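Sequence order for the protein chains is A and B.
Every letter in the first sequence is one number past the one before it in numbering that gives the first Met the number 0, and letter 98, counting from 1, is 97.
Every letter in the second sequence is one number past the one before it in numbering that gives the first Met the number 0, and letter 213, counting from 1, is 212.
I should point out that these hints are in silico values taken from the structure, not numbers from a laboratory.
Accuracy of the hints is not assured; some may be wrong.
To be verified - Below, a list of computed lysine to any residue pairs in the SDA-like style, where the Cα atoms sit at most 25 Å apart:
| hint | chain 1 | residue 1 | chain 2 | residue 2 |
| --- | --- | --- | --- | --- |
| 1 | B | Lys-1 | A | Ala-87 |
| 2 | B | Lys-230 | A | Glu-277 |
| 3 | B | Lys-68 | B | Gly-79 |
In this text the structure is predicted, and so the values were computed from the model without any measurement.
Here are the chains, one letter per residue:
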Amino acid sequence: MVDTSVKLCDIQLKNPVIPASGTFGFGHEFAHWYDLNVLGAICLKGTTKDPRFGNETPRIAEAPAGMLNAVGLQNPGIEAVLETELPALRKLYSGPVIANISGFSKEEYVFCCEKADQSPHVDIIEVNISCPNVQSGGMSFGASAKDAGEITKAVRAVCKKPIFMKLTPNVTDIAEIARACEANGADGISLINTLLAMRIDIKNRKPVLANTTGGLSGPAVFPVALRMVWQVYKAVKLPIIGMGGVSCPEDVVEMMLAGATAVQVGASNLQNPFACPEIIDGLPPLLERLGVSRIAELIGAAHY
Amino acid sequence: MKKGSYIIENTQQIAKNTYRTRLKGDTSAIVAPGQFVNIALAGSFLRRPLSVCDWDEKGLWVIYKTVGKGTSALSKLEPGQKLDLLTGLGNGFDMELAGSRPMLIGGGVGVPPLYGLAKRLMKQGVRPLAILGFNTAEEVFYEKEFAELGCDVVVATVDGSYGQKGFVTDAMPQEGTTFFYACGPEPMLKAVYNRTNTSGQLSFEERMGCGFGACMGCACRTKYGAKRICKDGPVLMKEEVVW
Ligand SMILES: Cc1cc2nc3c(=O)[nH]c(=O)nc-3n(C[C@H](O)[C@H](O)[C@H](O)COP(=O)(O)OP(=O)(O)OC[C@H]3O[C@@H](n4cnc5c(N)ncnc54)[C@H](O)[C@@H]3O)c2cc1C
Ligand SMILES: Cc1cc2nc3c(=O)[nH]c(=O)nc-3n(C[C@H](O)[C@H](O)[C@H](O)COP(=O)(O)O)c2cc1C
Ligand code: FES
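Please model the complete structure; the sequences and the hints are all you need to start from.
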């Protein structure tokens with residue numbers, strides 16, 4: 000028997016496969032397809048202080064081996080998530096839960112992270128710093144080491160639970176951002192969020208997405224994500240949740256070899272609702288073929 | 000909702016750029032006309048949503064216009080080829096609201112789901128009036144099929160090359176109907192909304208990431224808050240629609 004369990008900070012996951020934020024709602028839809036308890040953990044939809052409708056539609060476009068989304072963080076707000084969505088999820092699922100927090104100001108991040116930290120149903124807090132900083136010109140918090148460090152420090156001050164800072168790939172030097180998060184008290188790093196992208200409709204000569212631009216994800220981005228996980232593993236000592244284009248057990252192994260302790264699966268859930276359980280079922284035979292008895296031994300094993 | 004493998008039994012061209020494909024497989028998840036399937040096609044990452052035109056115990060029919068990569072690829076697949084489908088998606092039309100004389104209003108490839116609806120209404124002893132709108136004569140399909148069910152059928156073409164000249168709204172009677180069901184392009188739905196004096200249901204389209212309620216890709220505002228076209232729709236009540 001191969002051991003597929005991994006430890007994320009002090010939290011035991013029965014396997015390293017976690018559905019990614021925004022592609023799994025609050026779990027209810029997927030409970031129709033399979034028993035959620037097979038998952039290593041669940042990451043919730045990005046949550047803000049107030050309810051948000053998000054961007055206008057169309058919000059979705061296709062890409063070669065992937066998709067663009069510009070959902071714009073539609074969510075019912077932190078209160079509703081903690082008081083309604085999470086207790087409902089808990090009736091279906093007893094494993095680890097990762098809350099995903101977004102904000103448009105430092106105060107909003109602090110407010111939401113503090114609330115999530117107090118919830119008995121949340122095990123890890125993932126802080127999505129890809130959002131635009133409304134107070135300073137709309138550039139993403141995650142695009143500057145200074146902003147990323149400041150948000151980390153601020154949320155650290157109000158949280159006892161493990162904090163994973165979720166990085167945007169739309170930066171020049173991902174290692175520098177990860178180091179700023181580590182220096183300010185993060186417990187781990189999640190990466191990557193989507194790559195800034197766009198499509199144009201050649202018939203009406205207009206952008207496909209109402210928001211003009213959106214985020215590219217899916218198998219197309221896997222090699223980019225892998226390269227960034229590799230770079231961050233070299234730069235910091237923190238555990239990494241790797242994601243971006245993961246769609247099969249082989250991708251999980253590759254991500255872990257690059258340095259990930261656990262792996263999130265995003266767009267693949269939308270294409271195939273059984274993506275996560277199929278990947279999980281495929282891990283033991285793959286590991287056996289590779290002669291691996293404990294999946295955790297793969298973490299960072301490709302580094303020299 | 001179910002995910003399963005389906006076999007292409009046959010495909011026919013039924014009008015200009017318009018095809019009908021029969022897919023054999025499990026239809027137990029389909030519970031109402033107006034629901035849709037989401038079809039995975041080799042070469043495309045996202046599935047393609049298509050309304051179920053009709054179904055029986057052994058399979059289902061879809062009717063579609065070849066507007067891009069996915070629908071063109073589908074029209075070219077050979078009988079015997081397998082496809083992965085999610086079925087039983089969306090709410091579908093509520094037949095209990097029909098009353099004694101419902102009006103079915105379809106525009107272009109909005110017509111197909113109304114056929115399955117008409118068939119089931121007739122089975123319940125309700126005889127609908129079907130108003131089918133197309134741009135031009137070569138695009139017209141299913142007039143005969145609706146008539147064979149026993150419905151009253153009016154066809155309108157925008158250029159007047161077939162049936163009545165004008166839009167579906169020009170062919171709608173002012174009175175005598177109890178309810179309406181509409182599916183078609185959004186400008187048509189809006190015109191129908193403005194020109195009907197009974198209650199009704201309208202079926203909407205949106206670009207979809209998943210088709211089963213998980214991604215929030217297909218959100219739409221209604222009088223009762225945000226809804227997902229794929230899960231809470233695609234059929235909305237006239238009274239809740241916000242334009
Ligand atoms: C609930 C629902 C039911 C539908 N039923 C039918 C039907 O019965 N018959 C029919 O001909 N068409 C129907 N459509 C529209 C059909 O989904 C699109 O024509 C089809 O997805 C186009 O794919 P493509 O690859 O040929 O076009 P492309 O333009 O190459 O597609 C690119 C992307 O945009 C999406 N897209 C393009 N047009 C639409 C559209 N109008 N609605 C939603 N997504 C779109 C595609 O799914 C794909 O992800 C329905 C749409 C929805 C949402
Ligand atoms: C439809 C959709 C919605 C998303 N919403 C969020 C979100 O709310 N918060 C977040 O941190 N990331 C969000 N993401 C990003 C994913 O969590 C993930 O980082 C990214 O898609 C890369 O993984 P993938 O290639 O497996 O999809 C979203 C992605 C998609 C496709
Ligand atoms: S398409 Fe994903 S929620 Fe509707």
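A quick look at each hint next to the structure:
no. : hint                     : verdict
1   : B:Lys-1 with A:Ala-87    : holds, 23 Å
2   : B:Lys-230 with A:Glu-277 : holds, 24 Å
3   : B:Lys-68 with B:Gly-79   : holds, 21 Å
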